[in-house]
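Student: So the chains spell out like this:
Protein chains: 2
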Amino acid sequence: MKIEHLAVTPVALGDPPLLNAAGLHAPYALRIVIELTTEDGRQGLSEIPGDFEVLAGLEKAASELRGQSVFDQHAIATRLFELLGHDSEVRGERSWDQRRLVHAASALEVACLDATARKLDCRVADLLGGVVRERVPYAGYLFFKYEGAGGPLGFECEPGKSGWAAARQAEALDADGLVAQARAMIDEFGFGSLKVKAGILEPEVEVQATLALREAFGPGVPIRIDPNAAWSYETALRHGQRLLGAIEYLEDPVRGQSEMARLRRSLGVPFATNMATTSFADLPSSVALGAEDIVLADHHFWGGLRASMELARICATFGRDLSMHSNSHAGISFAAMTQLGAALPHLRYALDTHYPWQADEWIAGGKLRIEGGAVTLPNAPGLGVELDRERLEAAHQRYLQSGLTRRDDEVEMRKKQPDWRFRPTRY
Amino acid sequence: MKIEHLAVTPVALGDPPLLNAAGLHAPYALRIVIELTTEDGRQGLSEIPGDFEVLAGLEKAASELRGQSVFDQHAIATRLFELLGHDSEVRGERSWDQRRLVHAASALEVACLDATARKLDCRVADLLGGVVRERVPYAGYLFFKYEGAGGPLGFECEPGKSGWAAARQAEALDADGLVAQARAMIDEFGFGSLKVKAGILEPEVEVQATLALREAFGPGVPIRIDPNAAWSYETALRHGQRLLGAIEYLEDPVRGQSEMARLRRSLGVPFATNMATTSFADLPSSVALGAEDIVLADHHFWGGLRASMELARICATFGRDLSMHSNSHAGISFAAMTQLGAALPHLRYALDTHYPWQADEWIAGGKLRIEGGAVTLPNAPGLGVELDRERLEAAHQRYLQSGLTRRDDEVEMRKKQPDWRFRPTRY
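From first to last, the protein sequence lines are chains A and B.
Numbers 4 to 430, taken from this note's numbering, label the letters of the first sequence in order.
Numbers 4 to 430, taken from this note's numbering, label the letters of the second sequence in order.
For the record, the hints were derived by calculation from the structure and aren't laboratory data.
The beta-carbon is built from N, C-alpha and C at its ideal position, and this holds for glycine as well.
Be careful, since some hints might not be right.
Distance windows between CB atoms, simulated [as the list claims (entries may be wrong)]:
1. A:ARG69 <-> B:ASP411: 56 to 62 Å
2. A:SER261 <-> B:GLU218: 34 to 40 Å
3. B:SER288 <-> A:PHE84: 57 to 63 Å
4. A:ASP43 <-> B:ARG351: 35 to 41 Å
5. A:ALA78 <-> B:ARG351: 40 to 46 Å
6. B:ARG351 <-> A:GLY44: 36 to 42 Å
7. A:ARG351 <-> B:ALA291: 43 to 49 Å
8. B:ALA291 <-> A:ARG245: 30 to 36 Å
9. A:ARG69 <-> B:TYR149: 58 to 64 Å
10. B:ALA291 <-> A:LEU247: 25 to 31 Å
11. B:ALA291 <-> A:THR40: 46 to 52 Å
12. A:ALA383 <-> B:ARG351: 38 to 44 Å
13. A:ASP43 <-> B:ARG245: 55 to 61 Å
14. B:ASP411 <-> A:ALA78: 45 to 51 Å
Now the stretches of chain B that chain A is said to cover, found in silico as 3 or more residues with beta-carbon under 8 Å [what the hints assert, rightly or not]:
15. 56-69
16. 132-139
17. 283-297
18. 335-344
On the chain A side, residues computed to face chain B include the following (Cβ under 10 Å) [stated by the list, open to error]:
19. ASP75
20. ALA128
21. ASP129
22. GLY133
23. GLY195
24. PRO287
25. LEU314
26. ALA346
27. LEU390
My request is simple: use the sequences and hints to build the entire structure.
Tutor: This is the structure:
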């Protein structure tokens, strides 16, 4: 089954002003949508983070991969490596500064698996060893934020039965704001666990908000907190001790595997990471040091769905749990994350997703539904989603008009606080 | 794609009197052939080691797995676990005393992948990430042996252009015998590397034979030697030192990961294993200790082809090479091994196979061809092989007549040497 055509479409996704250790989300998150067509007319979709260098590489690849078998992921990865070059292997310090090559490889792999599963009339999860769970649990992802709901959308966010549309718009800069946000999110989506994006406000404010969530929702709603390594060892130790018993896990409190391992031994609460251990090359030192309990995988950042299944086996083998990291994304990525979540042999922790924050969508039928804190795996071939071409074109026009070429939360933050500078360790 | 029917056929495969640390090969090696038929009429084949307990489990499973999706390997493995029970997890001390559950899971997985690939009109390697190499290299597997070529065959072994048919029959109990065997095997199959099965004769004889092979074929033909952990630490250290520079790797010289790690540090030659590290559960201590350089995988013993790809990722991640272990097998197993060998991203060492020793076959068209020391991946869907039902039935009748129910090299050895007893460490 050979590739006949690859359409690569950069799009802009309306994104609220969410605060994080790197600064502030711009009004649009950039994504790239891949639409692969095979010689026998099958379609395969995928979506990855938008970055002009990945985009340029994929645009070059689009013509060169014509005639390539969808099964031959090694040859595709080799060709992408030639096109994107060695620079694409380099990581930056922000949590999304991952290597561009793995994004591109993931884009092709997911689209190829989608096309393959459509031909077989099975779901993508079936190509990963089968569906272990039909309902994939996600956590409610809470952000401190400024007022606003992001750039103009392709269509209006439907007002939910609860106050989520309003909460999505509302400012949340303290405990009360975050509890209100959580309540609206739980009312709308039924999340059974919560995640607090921290590392931006004073740790005292973030810890108080986390404890307030615990007070508001009780031990039946596990809470995780993620300072994105913006805390020093001493700050993380002091505040981590206050959180003991109130959180299910602490995500990237400090920077680097050695500091993670040292703090983990001191605190005795599960540690998760999507910053200290983010590639296969990081795993030997992670195992040697004991840097974390939970690896937060992301198929966009680990090279695809099969690579994520291999990572799951490594985690199971070396006594780690696997859960999932998320960046701002739309429905095609969400469908792929859900297929992977359905196929993971072991899943103890609900997956992360930004999906509720994005009102925009370009899959047919509108947004995928989160109910009871979970997504039911679509009962349709492949990823289970189809393109709405009109909306995709609108999102592409927004991309062209936005003038954005890559994510830069620091620039965006300076529009609010001119003196603000990114600092790897802030507190 | 659902399972409609599962045919489970125990067969006996003519096997020469090959010597090894566990004793002597019986005139027949037992195998089980699985033939799966899907509701839409696709066929899927597989072959695994024969053992009456695995056979009983698979015979029970045959009816119970009807209606099960071929994609759902988790559900299949769960059902097999229920049928085969916890005892099936236990390993013995012989190198083939692996867990029965993984044999059964492997049998189903390979047959399901074969059926899936046939439906997709692709090769099984394509379902594992694609074909990295069309020609899969194997090593010539040399044995000390008594005279004889094993039990009566279903059909006559074709006399080769070289003296292999005679060498296969001939006694080989010293250096001259082994060099003659190697020469005939290389003439017939073009092997570019050799493996010496050791751990049965006096180490002095085995080491001399290995050095004689080196002398005869030169450094262009890498040689590996496998005493199957029958050597004590001191014996292995002494003889290992004599082999330095003459071998590409030393396989399982001593028993257990700790002794392997200690000796490996002393000798400084690559170590391979299919005895010290034989399951995912063995990997953390292997990594912590540094027990080996090369894991000799075997999809029959690691739970299937996907599990073997996961193992390959673990090996690549933790600085190990992956190559392949073999027991006496026929063409369906050989085809599956070759599909896996074609899909492995990295392959530095030629794979092991007993295939030249088995003249018998029940795939259509007769034996798969080894030329230039490699097997060319069949250009046909699935595993690329079809059943010859007449020959399969003949092999099944031989199974019934043989009276054998499991491999027992000790009993067979006592027919030659009545006082012989298996000893885990012999020298």
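Student: Honestly, which of those hints from before does the structure not fit?
Tutor: Of the numbered hints, 2, 3, 5, 7, 15, 18, 23, 27 do not hold.
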